[in-house]
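Chemist: Residue numbers (the working numbering), protein chains in the order written: chain A, 35 to 220; chain B, 35 to 220; chain C, 35 to 220; chain D, 35 to 220.
No lab work stands behind these hints, which were simulated from the structure alone.
One copy or any two copies: either way a pair holds, since identical chains are not told apart in the list.
Pairs of lysine-lysine residues, derived as PhoX-like cross-links and limited to a Cα-Cα distance of at most 20 Å, are as follows:
hint	residue 1	residue 2
1	LYS74	LYS52
2	LYS108	LYS63
3	LYS52	LYS88
4	LYS109	LYS174
5	LYS88	LYS74
6	LYS63	LYS149
7	LYS149	LYS109
8	LYS102	LYS61
9	LYS108	LYS174
4 protein chains.
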Amino acid sequence: VSQAVARPNPASDGDSGKVFVDYTIFKGKGALNMSPIPPKFSQLQSGCMKVDRKGAMMLNFFPAVGPKKYDWQKKQGFALSVTEMGSLISLGPSESAEFFHDPSMQSSNAGQVRKKLSVQPLGNGGGFSFSLNVNNSVSKTSDQIYVPVSKAEFEVMRSSFNYILPRIMGWDRLFNPQLPASVNMN
Amino acid sequence: VSQAVARPNPASDGDSGKVFVDYTIFKGKGALNMSPIPPKFSQLQSGCMKVDRKGAMMLNFFPAVGPKKYDWQKKQGFALSVTEMGSLISLGPSESAEFFHDPSMQSSNAGQVRKKLSVQPLGNGGGFSFSLNVNNSVSKTSDQIYVPVSKAEFEVMRSSFNYILPRIMGWDRLFNPQLPASVNMN
Amino acid sequence: VSQAVARPNPASDGDSGKVFVDYTIFKGKGALNMSPIPPKFSQLQSGCMKVDRKGAMMLNFFPAVGPKKYDWQKKQGFALSVTEMGSLISLGPSESAEFFHDPSMQSSNAGQVRKKLSVQPLGNGGGFSFSLNVNNSVSKTSDQIYVPVSKAEFEVMRSSFNYILPRIMGWDRLFNPQLPASVNMN
Amino acid sequence: VSQAVARPNPASDGDSGKVFVDYTIFKGKGALNMSPIPPKFSQLQSGCMKVDRKGAMMLNFFPAVGPKKYDWQKKQGFALSVTEMGSLISLGPSESAEFFHDPSMQSSNAGQVRKKLSVQPLGNGGGFSFSLNVNNSVSKTSDQIYVPVSKAEFEVMRSSFNYILPRIMGWDRLFNPQLPASVNMN
Chain A
35 VSQAVARPNP ASDGDSGKVF VDYTIFKGKG ALNMSPIPPK FSQLQSGCMK
85 VDRKGAMMLN FFPAVGPKKY DWQKKQGFAL SVTEMGSLIS LGPSESAEFF
135 HDPSMQSSNA GQVRKKLSVQ PLGNGGGFSF SLNVNNSVSK TSDQIYVPVS
185 KAEFEVMRSS FNYILPRIMG WDRLFNPQLP ASVNMN
Chain B
35 VSQAVARPNP ASDGDSGKVF VDYTIFKGKG ALNMSPIPPK FSQLQSGCMK
85 VDRKGAMMLN FFPAVGPKKY DWQKKQGFAL SVTEMGSLIS LGPSESAEFF
135 HDPSMQSSNA GQVRKKLSVQ PLGNGGGFSF SLNVNNSVSK TSDQIYVPVS
185 KAEFEVMRSS FNYILPRIMG WDRLFNPQLP ASVNMN
Chain C
35 VSQAVARPNP ASDGDSGKVF VDYTIFKGKG ALNMSPIPPK FSQLQSGCMK
85 VDRKGAMMLN FFPAVGPKKY DWQKKQGFAL SVTEMGSLIS LGPSESAEFF
135 HDPSMQSSNA GQVRKKLSVQ PLGNGGGFSF SLNVNNSVSK TSDQIYVPVS
185 KAEFEVMRSS FNYILPRIMG WDRLFNPQLP ASVNMN
Chain D
35 VSQAVARPNP ASDGDSGKVF VDYTIFKGKG ALNMSPIPPK FSQLQSGCMK
85 VDRKGAMMLN FFPAVGPKKY DWQKKQGFAL SVTEMGSLIS LGPSESAEFF
135 HDPSMQSSNA GQVRKKLSVQ PLGNGGGFSF SLNVNNSVSK TSDQIYVPVS
185 KAEFEVMRSS FNYILPRIMG WDRLFNPQLP ASVNMN
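The shape of chain A in the complex, shown without the other chains (with noise of 0.2 Å):
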């Protein structure tokens, strides 16, 4: 159910010298895209360096238009933090998790839109559904595109969140501290 279908190539939007990796998962009614974002660290004067910004778990979610055919430029994006990576981690099999964000969150355009992202326990004896909604106050806008995840998409979700959380909180660098792709010289 997990096959690969031609899409616009992540790489080609200027991020040069990067790595992009993911795990892609199509459905009937869209498809959910999961791609890490390493975290962003800075060198102090002394030397020593510090994470400036942690990382994530993107999550992009794309409405179908067809079969086996989705819309790439329609995407909505959902970036987990590590506790919320912790929450789905932990999530039990009859169990449910809701997040809200607000993309421009301490901004003046802070409410204007509104993402939720509902994990829902899918009835029959595995997996969760996903579903993103995306209001905007401003457009008048409602977008809702949903995913279903089966169980074992979610074992492939839970095993490298595992393995991601402590690398996008940096903790990666403590035993290889040569210096990461990515700081910035303050």
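Fit chains B, C and D to the known structure of chain A by using the hints.
Modeler: Frame of chain A; chains B, C and D shown alone:
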């Protein structure tokens, strides 16, 4: 019950410079060897790297031809995808799984060979039977190799699958950005 | 609920060349910051390396002094050992744990300061309360800082503890034999 | 309960250039030390590398000779295979396991020394007793060393075994293709 038995050198078939690692389970009617296949990367003109072909977990089955003797020539392979690995990792003690592969899928030979891997719980409180069926409609042959996997051996699979899963997707490259061994320059 | 709040730069206290990583939970009555401490190695005359001092998981508690304001000066630390980390990783949802530390153990000041970390299940189906008590029999003071940790936040602890545990014991060096950052030559 | 007690330097017996890491549990009647043994690789003429000898998890048992004093000379070792590690990782709280080793298996001395490691659940809701029996039919001696392992200590074993298991099989080399420390050229 898992003991070293002489078998043909895996490195002798032309893939120089590679590292070969595996785990083999030897049983009365057959042997099951598992060996991870790393992903292939390609480097774009932007300098950005992306996964060209995801890796897999190759399962190779060998029929027994006598006590502790196996016919290494008659091997039948089944390459588990990331999602199929997720299915096995999350398998409850009384659950089962079936996977179907067509090695010629999307070619003119599609449908000639059908492979079915069936994983069923062993009755005695632990472990699973792994049965691989290969039906060839051209040669009119049908092979089945059966290997019972104990609870301890299945845990080795689960633990090593958890290790391999993010690496088969290439996610480790995000945190170790040096050029991997197998890169195609575009 | 876990959000960035200004706090003193961890790198400013003289430890140049280091990498500082952490995870902080901000709650109404206090904040809980966790940060791994890598092990120290020493090199013997034989050229062999061994762990001189095991690492730990430092938990730092800070009292709240107002909405989203914490007194970073009044921090109380508690360094979890590898075995104490194992205790928390294996904690069932209705189980509790208590750890007692004496920062001056085996010195002439033993017994003057007593620290107790108490981890109790939160009633509402998930998460644990973390309470740190520090009793100082010389200054006749007693401090308590309380931070409720949600199920999702505890899963971040569990997942990152599983990552850190073998590395705090130095076991990663066995497979990455280059000289680690902090080595004492004997 | 796990505390540092002086013991002979593990690095003094000739293995220069190595890294020595371990985890030790000190109890009233004995101590249990565990220490991973990395695999040995060999390089074929093709340039391909393969695992020559899988690693193991060495368990060393020491009898107590007084309060916090152990006889480091009377150590008895038991090298857990990958599958035996899988058995312990998957051990349910009320399950038990027994492993039998003959250090001279497949030599003319086979059967002279028999070692049995017995892992039994401790009654009080957690942890396991580890008992090592060594019977020597030549010297007509029989030794038994018993170490109770708490639930927290067993979780340290489980967590570190999960880390070590794929590395003992050499699977990490697939993703870090630089020459490992111990390679035999053929």
